[in-house]
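Protein chains in written order, with my numbering: chain A, 1 to 338; chain B, 1 to 500.
By construction, these hints were calculated from the structure, which means they are not laboratory data.
Bear in mind the structure is a predicted one, so any value in this text is a computation, not a measurement.
You can take every hint at face value.
Here are the simulated lysine-lysine pairs, DSS-like style, with alpha carbons at most 30 Å apart:
id: 1; chain 1: A; residue 1: Lys330; chain 2: B; residue 2: Lys54
id: 2; chain 1: B; residue 1: Lys448; chain 2: A; residue 2: Lys330
id: 3; chain 1: A; residue 1: Lys108; chain 2: B; residue 2: Lys448
id: 4; chain 1: B; residue 1: Lys455; chain 2: A; residue 2: Lys108
id: 5; chain 1: A; residue 1: Lys330; chain 2: B; residue 2: Lys58
id: 6; chain 1: B; residue 1: Lys159; chain 2: A; residue 2: Lys287
id: 7; chain 1: A; residue 1: Lys300; chain 2: B; residue 2: Lys159
Per label pair, the in silico range of CB-to-CB distance:
id: 8; chain 1: A; residue 1: Gly329; chain 2: B; residue 2: Pro318; range: 55 to 63 Å
id: 9; chain 1: B; residue 1: Phe443; chain 2: A; residue 2: Trp325; range: 34 to 42 Å
id: 10; chain 1: B; residue 1: Ser326; chain 2: A; residue 2: Asp154; range: 42 to 50 Å
id: 11; chain 1: A; residue 1: Phe224; chain 2: B; residue 2: Thr161; range: 31 to 39 Å
id: 12; chain 1: A; residue 1: Phe9; chain 2: B; residue 2: Thr161; range: 25 to 33 Å
id: 13; chain 1: A; residue 1: Phe9; chain 2: B; residue 2: Gly162; range: 20 to 28 Å
id: 14; chain 1: A; residue 1: Ser151; chain 2: B; residue 2: Arg246; range: 46 to 54 Å
id: 15; chain 1: A; residue 1: Gly329; chain 2: B; residue 2: Met445; range: 26 to 34 Å
id: 16; chain 1: B; residue 1: Ile449; chain 2: A; residue 2: Phe9; range: 45 to 53 Å
id: 17; chain 1: B; residue 1: Glu163; chain 2: A; residue 2: Leu284; range: 20 to 28 Å
id: 18; chain 1: B; residue 1: Phe438; chain 2: A; residue 2: Leu284; range: 38 to 46 Å
id: 19; chain 1: B; residue 1: Glu163; chain 2: A; residue 2: Trp229; range: 38 to 46 Å
id: 20; chain 1: A; residue 1: Pro286; chain 2: B; residue 2: Gly162; range: 21 to 29 Å
id: 21; chain 1: A; residue 1: Leu208; chain 2: B; residue 2: Pro318; range: 56 to 64 Å
Chain A is faced by these chain B residues, among others (derived, beta-carbon under 8 Å):
id: 22; residue: Ala65
id: 23; residue: Val73
id: 24; residue: Phe76
id: 25; residue: Phe78
id: 26; residue: Arg87
id: 27; residue: Gly94
id: 28; residue: Leu97
id: 29; residue: Val114
Don't be surprised by glycine CBs; every beta carbon is placed ideally from N, CA and C.
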Amino acid sequence: MTLNLLWFFLLGVLLTGYAILDGFDLGVGIMHLGARTDHDRRVLINSIGPLWDGNEVWLVTFGGALFAAFPYAYATAFSAFYLPFIFLLFALIFRAVSIEFRGKRDSKVWRSAFDFGFFAASALAAFLFGVAVGNSMKGIAIGSDMVYQGSVIDLVRPYPILVGAFTVAMFAMHGSIYLYLKTTGELQEKIHNWIWRTFGVFLVLYVLTTIFTLATIPSAIRNFEHLPWAWVVVVLNVLAIANIPRAIYQNRPMYAFISSSCTIAAFVFLFMVALYPNLIASSLNPKWNLTIYNASSSPKTLEIMAIIALLGMPFVLAYTSVVYWIFRGKVQIGEHSY
Amino acid sequence: MALDPVFLSRLQFALTIGFHYLFPPLTIGIGVQLAIMEGMYLKTKDRQYEVMAKFWTKIFGLIFAVGVASGIVMEFQFGTNWAAYSRFVGDVFGSPLAAEGIFAFFLESGFLAVLIFGWDRVSPRMHFFATCMVALGSMFSAVWIVIANAWQQTPAGYKVTGEGLTRRAELTAFWNVVFSPSSMDALIHALIGAFILGGFFVMSVSAYYLLKGRHEDFARKSIGIALPFAAVFSIGAIVSGDLQARMITRMQPGKMAAFEGHFHSEPGKGAAFHIFGFPDERTETVRYGLAVPGGLSFLVHGNFHTPVMSLDNPGIVPGGVPPGESVRDYWPPVNMTFQFYHIMVGLGVLFIILTVYAIVLKWRGTLFQKRWLMWIFVFAVAGPVISNQTGWYATEVGRQPWIVYGLLKTAHGASESVSGAEVLTSIFLFALIYLLLFLVWLFVMDRKIRTGPEKIEAAPAEGPKDHWMDTAARYGDRASRESLTDVREDKKKDDTPEEP
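Sequences and hints are given; from them, build the entire structure.
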């Protein structure tokens with residue numbers, strides 16, 4: 001395995017970690033307005049209170065790793081998606097601030113404003129992630145100089161928008177399942193309904209996205225020729241999706257959560273397989289694709305980065321596990337809660 | 001007027017980094033004090049220290065949240081606005097950023113959860129451990145980000161390869177990047193700046209409580225920790241600043257010359273140090289200045305007569321002045337750099353005077369009676385905020401016209417595909433959002449501080465007689481200063497339970 005491939009894989013790991021972990025807390029944000037009373041909304045926010053910040057670090061580390069391992073892809077992608085990324089940053093700022101500030105004043109207007117901010121920012125962030133994935137799948141107008149030739153309007157296309165909507169639905173479902181694990185009583189019963197509804201929307205969009213992908217993006221399954229076992233992931237993914245309603249029906253929400261996590265991991269995997277060996281495909285000329293070879297750092301840097309990752313990741317996994325262990329179980333509102 | 005994307009991107013970077021840098025120095029500076037407070041509680045079992053740790057943790061959390069929110073922007077802005085720069089430096093510069101994520105942010109965010117929400121979930125020792133890890137994590141992140149910045153100032157451990165679009169700096173020696181000539185000096189100075197700010201911040205809030213006659217034991221003990229902390233680091237700042245100035249004279253002589261408005265030099269004649277002044281680039285003189293002749297030579301060389309490289313010397317241009325250009329094309333904006341630098345140094349001197357004087361008074365036992373000095377401390381927190389900001393402005397503006405010193409010009413670093421109109425849109429939105437965010441933050445902070453720390457219900461450890469005397473003295477003291485209504489209002493606020 002070459003270092004370039006290793007870093008492509010590690011980026012996939014970081015992206016998977018991010019999508020699963022921040023996926024559920026974005027999902028909590030998307031569903032937030034569904035809770036009607038102040039108490040219920042506090043329960044929702046506090047279910048992710050100690051965790052959302054650490055979850056977002058996966059994204060920051062993904063960004064840093066992309067910069068270090070594939071600087072040309074980092075430079076091209078972020079400058080090409082300029083305005084969408086700026087809006088994504090605003091969404092992430094609003095989310096952080098809404099979570100932090102909401103509980104600081106006992107005023108209806110104040111709290112409603114931040115409730116809406118939390119919802120809108122979460123939904124927008126999830127949507128924009130999906131749009132970025134959709135555009136990456138389609139390829140964008142990269143010239144021979146690695147510079148994006150199009151404008152922001154060219155990024156607004158049906159397929160990326162569909163993927164954006166699909167991402168919102170998937171995170172909403174994932175977040176609802178997470179909330180089911182963290183809540184009790186009437187609120188939990190309400191969330192039980194959310195799971196069914198979000199699952200329904202997710203399923204419809206999943207089918208649509210799959211059809212659209214297979215019909216319009218031939219490169220999506222191009223690599224399956226070399227990787228026949230990727231079909232196994234597709235099949236497992238379908239089984240995992242099917243297992244979500246089964247587990248909910250049997251009242252084993254933990255299984256449902258594991259299933260939805262596996263589903264997200266499978267989508268990231270399929271996305272990475274569809275891209276490989278490109279990081280950003282040029283829609284103008286395949287010669288101008290930014291690949292894991294022509295967009296990468298020097299072998300020396302990739303090697304040093306691999307050592308850094310090797311040293312750091314065990315600690316990362318240890319902290320993450322410890323924090324999730326400490327804050328396990330149902331949400332309890334206490335004096336230190338949001 | 002055409003919209004220049006380079007200028008606008010610089011403006012946006014200045015705005016976003018300036019805003020962001022209001023917060024991390026505070027969390028770095030308060031973090032260490034949190035660890036001290038909690039350590040004191042574990043050692044002495046004095047409930048007051050626990051109350052302090054809890055209160056300052058809440059303040060810490062509020063600052064941290066805005067720091068995280070504004071920090072994400074920084075990570076991605078290299079790519080959005082500085083694509084050409086990112087391509088050129090990615091091989092070297094990306095690693096410290098990734099290391100920051102892996103080594104610092106995960107540590108910080110993981111244990112922050114325990115620090116803020118874990119009081120009832122883990123043992124006091126485990127909680128103390130988490131506090132120490134958060135303090136350490138915030139410093140680690142400074143380590144990596146300053147290493148990255150220092151590489152831009154004094155590149156090392158790289159070779160330049162390729163031509164045109166593929167021209168870039170490639171890593172040759174990782175540890176030379178980590179220990180580039182400016183990295184450790186800059187890191188120590190930045191951390192010290194953060195510690196001074198943390199100390200002054202805790203003192204500001206505590207002095208306010210003392211003046212209002214509220215939470216007096218809390219405030220005295222907080223100042224007991226924050227004052228020596230701020231004093232030690234205020235003195236340390238001068239020492240580390242001196243080391244850094246010598247390094248800059250060697251490594252970035254043009255920047256040092258701009259710091260001092262040092263336009264011309266003659267053999268055998270020392271360079272002056274200005275207390276203040278207005279360097280005029282047109283006439284190449286410092287106007288309205290008060291100078292110590294030979295002062296700069298003394299500071300960097302230890303004598304009054306060895307010359308210091310001046311702005312007219314082609315030696316300030318790394319690699320020499322290319323044909324057809326003049327050395328003036330390689331000047332940073334001199335007056336701006338001069339003023340930022342002098343504001344920082346001047347404030348640094350004031351911090352020493354203020355904190356050392358306060359320590360003498362504390363030692364004499366009269367500090368807390370000096371109301372005028374307490375008022376100064378309430379507002380003095382603005383000082384380190386300004387000096388942290390202007391110090392970085394001086395560093396960054398003084399590096400111009402380079403984005404990577406001697407290797408890449410700022411003008412060649414911006415994103416090719418981003419238009420001036422797009423950047424203008426984002427600047428406008430950033431300015432608006434940051435302004436709103438800052439106002440809301442101030443409002444929430446103000447309420448948190450007015451609500452104050454938790455009241456300790458049980459009687460203090462000392463004997464009942466002392467306690468009774470204490471209380472009587474305190475109320476007597478209070479009544480003599482404030483009207484009855486004020487006292488009542490204060491009491492009401494005090495008794496308001498902490499809002500969730």
